[in-house]
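Novice: The opening position of the sequence shown corresponds to residue 1 in full-length UniProt numbering, with each subsequent residue numbered one higher.
Each hint should be verified, as a subset may be incorrect.
Calculated cross-link-like contacts (lysine-lysine; reagent style DSS-like; alpha-carbon spacing at most 27 Å) [stated by the list, open to error]:
hint : residue 1 : residue 2
1    : K36       : K334
2    : K298      : K36
3    : K195      : K220
4    : K350      : K340
5    : K223      : K207
6    : K334      : K119
7    : K18       : K33
8    : K630      : K605
9    : K456      : K119
10   : K578      : K630
11   : K350      : K456
12   : K552      : K535
Computed beta-carbon distance windows for the label pairs [to be verified]:
hint : residue 1 : residue 2 : range
13   : L148      : T472      : 19 to 25 Å
14   : L148      : S606      : 44 to 50 Å
15   : K534      : P565      : 19 to 25 Å
16   : R160      : P620      : 42 to 48 Å
17   : A167      : K334      : 35 to 41 Å
18   : E564      : A167      : 51 to 57 Å
It is worth saying that the hints were derived from the structure and are not from the lab. Glycine included, C-beta positions come from ideal geometry on N, C-alpha and C.
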Amino acid sequence: MVDSSQVEQASVEIDSRKELILRNLQEALGVDKLGKQLGIHGKIPHVYWGTATTGRPHVGYFVPIRKIADFLQAGLKLSLICSFYVTVLFADLHAFLDNMKSTWEQLENRVIYYESVIKALLMSLGVPIDRLNFVRGTTYQLSREYTLDLFRLCVQVSHRDALRAGAEVVKQVESPLLSGLLYPLLQALDEQYLKVDGQFGGVDQRKIFILAEEQLPKLKLGKRWHLMNPMVPGLTGSKMSSSEADSKIDLLDSHEVVERKIRAAVCNRQEDGNGVLAFFNFVLFPIVSPGSLTVANKDFFTYEDLRDSFLNGDLSEEDLKTVLVEFINELLIKVQGHCKSDIVREALEKGYEEVSSRVVRPSVQRVVHISDDQLHVVNQIVNGDKVISEFPFFILAEMSLVSQGIDIEGVVLISDMEAFLDNEKVVFSRHEVRFFYSAQVTIRKYLRDYVLNMYKMASSVTRDETMVTEGTSLGGNLIPLLYALSHHVLKTDLALIGDDSIAIANVATKLWSCLGLNSPTQLAFPVLIGCDGKKMACSAPDFLLDPFDTPKQIKMKLARSFCEPQNLEGNVAMFLAKQLVFPLLSSEAFYIKRSVENGGDLSVKSYDDLEHEFVCGSNPAFPLHPGDLKSAVVGFINEFVNPVRTHFVPTQASLLSAAFPSGKKGRG
1 MVDSSQVEQA SVEIDSRKEL ILRNLQEALG VDKLGKQLGI HGKIPHVYWG
51 TATTGRPHVG YFVPIRKIAD FLQAGLKLSL ICSFYVTVLF ADLHAFLDNM
101 KSTWEQLENR VIYYESVIKA LLMSLGVPID RLNFVRGTTY QLSREYTLDL
151 FRLCVQVSHR DALRAGAEVV KQVESPLLSG LLYPLLQALD EQYLKVDGQF
201 GGVDQRKIFI LAEEQLPKLK LGKRWHLMNP MVPGLTGSKM SSSEADSKID
251 LLDSHEVVER KIRAAVCNRQ EDGNGVLAFF NFVLFPIVSP GSLTVANKDF
301 FTYEDLRDSF LNGDLSEEDL KTVLVEFINE LLIKVQGHCK SDIVREALEK
351 GYEEVSSRVV RPSVQRVVHI SDDQLHVVNQ IVNGDKVISE FPFFILAEMS
401 LVSQGIDIEG VVLISDMEAF LDNEKVVFSR HEVRFFYSAQ VTIRKYLRDY
451 VLNMYKMASS VTRDETMVTE GTSLGGNLIP LLYALSHHVL KTDLALIGDD
501 SIAIANVATK LWSCLGLNSP TQLAFPVLIG CDGKKMACSA PDFLLDPFDT
551 PKQIKMKLAR SFCEPQNLEG NVAMFLAKQL VFPLLSSEAF YIKRSVENGG
601 DLSVKSYDDL EHEFVCGSNP AFPLHPGDLK SAVVGFINEF VNPVRTHFVP
651 TQASLLSAAF PSGKKGRG
């Protein structure tokens, strides 16, 4: 039986560890959950801290490093993804996406430099680092599983929410780069893939932490606690930044440079925007606590006492700056001593060397040689930038090219993931079975290069440029990227698309150019409409012509379609005849059965002839009746799809039930 004194002692220890973890933080979310984890026997809470390996670390890093020291002392497992167990995450992918300013070789060397410096910082404070774990983001962020979860998150998160989440850490412009909207989602997903209990960062990360707490549970990926340290103002009074040299002190700055920067720092007799006071508050006192700082021969045990003495005039600006110069230089002697090695020196040189602007040039374009006669066939298909109406299906165009002796290799690409990203027109759990249902050719998605190229593309276009679908979901913005990548992977020479995809094709053209990739010729065809007059892919199930429909179902669907006598506007049966029947018949005649009372049977050789029969009639007394037209179109469609029905008889039921469990054919 547990002694009551043991229980009390355990409770005191938990409270002590919790106090150590939370001290000097500006804000903490999920504290109750953290407290429960601290009370679980054998549980070592795991936290991560992430830093993008962009600029050089500066003395502002002492703030999170001092806090990491508290975590380690409190018995947390710490993971640093450049993250109680502490992991440090080196976010090299995020760094690369920062307008792709750095090469991979630079970033690899920066990771080495960052790891060496962070270890040096901890050792300069006397903190053991044996329970510290370092992770590079690209070791898992380019995986298939991570990418699929990112897609799921993108469909769930709106442009507005993503923009708001990154407001403090991503440069705000009228139309931000797409990568800037993905940044907060990647950081949220890191929590799941690092297998941590919580995340630690600056208070400028708060909105990203909120996004993670709100969105990850919706994907059944759990909810973590979040700890936030205050942001340290730079010496100029603004946020300390690696990109503003005068606002920060580099960890390798000499004594003279440190003193020059501090002597020139803003130190008005006020607290707000005072970079010198901020250093005492967030760096010096946390390091010496519970000890004191001696300023002008007086000992100060708290920041508040020192601040009040300065504001009321008992301490001068010179007093504060003199102590700050001495303190920072003493710390940096230790840090720089730990960094004196050829490995660190080489990593620093290679990681931050000047790189000339990269000129992106496409590789040598593949050339297809065709004869004049074959070129004439292509010109028959293409009219200007678009395809003439006689060829609604790219399959028909391909059949025409092959029949004329043009040697081509065709691939049918059914964009299952794009359908999911487009407002979940295919639910995530069904995208794979619909893949097989549609007989899609397997393509190499989710490979490292594929995913990396996707992120490169996201850094090349803006949110507004990629808004090509309806709705507010961020997932729709990824559709042009996946389209461009699919054709790159397939090494497409000619892409045949519906005219509803022209906006996507235009974005893809820019993406191929930005990455120096060869771009295929893109031919756009008018898309078929359903029996409700809408685009076939957007028609309701009762109006969509499915090859697995029975002859009776196709007849009933077409019977409900608009087909007013002698009216071509919005006439579904006439449109299907134009876009489907005559292209498949090629030069053969279209037979239409009619009763003698309605003028007798017709043999129509072209759509123009059919149009004349419907509007005027070769015998004006007997223009083609809508019922006879629909009957002929139904008969043709049923004859066309019957081989498909017959082929899939053994597997049709299982395919349909797996792909469309509700019994309906989905939303698109």
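Novice: Return the numbers of the hints above that this structure violates; sort them in rising order.
Specialist: Of the numbered hints, 1, 2, 9 and 16 do not hold.
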